[in-house]
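Peer 1: Could you put the whole structure together from the sequences, leaning on the hints where they help?
For the record, the sequence lines run as chains C and G. Going by the numbering used here, the first residue of the first sequence is number 1, and it counts up by one from there. Going by the numbering used here, the first residue of the second sequence is number 1, and it counts up by one from there.
Among these hints, one or two may not hold up.
[Claimed, not checked] Here are some of the chain G residues that sit facing chain C, going by a computed Cβ distance under 8 Å: (1) Leu15; (2) Asn45; (3) Gln71; (4) Arg98; (5) Asp107; (6) Ser114; (7) Ile152; (8) Lys174; (9) Cys189; (10) Ala217.
Derived by calculation from the structure, the hints in this document are not laboratory data. We put the beta carbon where it would ideally sit given N, CA and C, even for glycine.
Here is how the chains run, residue by residue.
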Amino acid sequence: MPFKEFLPYLLVMAGVTYLVRVIPLTLFHKKIKSRFVNSFLYYTPYAVLSAMTFPAILYATSNVFSGIAGLLAALLLAYKNKSLITVACGACLAVFAVEMVMMLI
Amino acid sequence: MDFKRGLRDGIPICLGYFSVSIAFGVLAIQKGLTWLEALMISFFNLTSAGQYAGLTIIAATGGLVEIALSQLVINARYALMGISLSQKLEDKFTSTYRMVLGFAITDEIFAVASSNKSISRAYFAGLAILPILGWSSGTLFGALLGGTLPAIIQSALGVALYGMFIASVVPAAKADHKVLIVVGISILCSCLLYYVPIFDLISDGFAVIICTVIAAALGAVLFPREEAESDAV
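Peer 2: Shown next, in the form of structure tokens:
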């Protein structure tokens, strides 16, 4: 695409995304006193990450079976309190192994 | 010290980003962008779902309002994350630093930063650098090399980021059954939105917001945190 046509898209996209990120972060300086809001914010990360992971992880690979294998490997390693990178690599290896086996069958 | 610790925590995110953004680079070229344009989108946006939606609109030469709205809806979760993070930033993390470093709020950087009780500027800066490089270089790699990676490798890399999410959630859910229940509610909502046909109109980014608000609000009502507990996290 010609750069002159592309540039306005890039500016709008990056601008909106930047403002969405920075405005709330910059506005909230004081400690929030409300017990409800504090509790809500405490649970937010876990709720966000769970909703993004499930069921999307099942469809992130070539087929559902390797997706399930990746999910189970990650759950097992995370349950054993392994580091982020160990869990991530373990999940990738499980997917790779299952797809390898399925190719051979 | 904090900076180094941040860098180290950023390594897995960087690797995950590199692998995931390859796919974005490949797709951008297929949609008619140049490698430089693909690289610029990744460097200045640093977000996955938003970029995919944006790319689709750009390829269809859609309107600027349309692309602005798509980014607003898909990325609105970052606003929620920003408020959550704002409660944990050190005093020295002034507005100026927030305006610069806030650029790097992503799902993964937020997840890792949130696992700290207090977040310093140096730590957050260290945490952000490698993922930004990973996301941009992966895009470039994908744009230049195209689909030469074996499909099985691309497929395996597809779960890297989810693995990181799971690694952030499971230990907390194991230690606190209230977190586990909130996680369960969120997953239930997410599955409903995903599998029930009426909800197909809702975009993925917006679905995440709906699930988060329902699960976190129910958690806050059912299991409010004690004042001292809230200060500690």
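Peer 1: Now, for every hint given, state plainly whether the structure supports it.
Peer 2: Hint by hint, here is what the structure shows:
no., hint, verdict
1, Leu15, "holds (7 Å)"
2, Asn45, "holds (5 Å)"
3, Gln71, "holds (4 Å)"
4, Arg98, "holds (5 Å)"
5, Asp107, "holds (6 Å)"
6, Ser114, "holds (4 Å)"
7, Ile152, "holds (5 Å)"
8, Lys174, "holds (6 Å)"
9, Cys189, "holds (7 Å)"
10, Ala217, "holds (6 Å)"
Every hint, counting from the list given before, is met by this structure.
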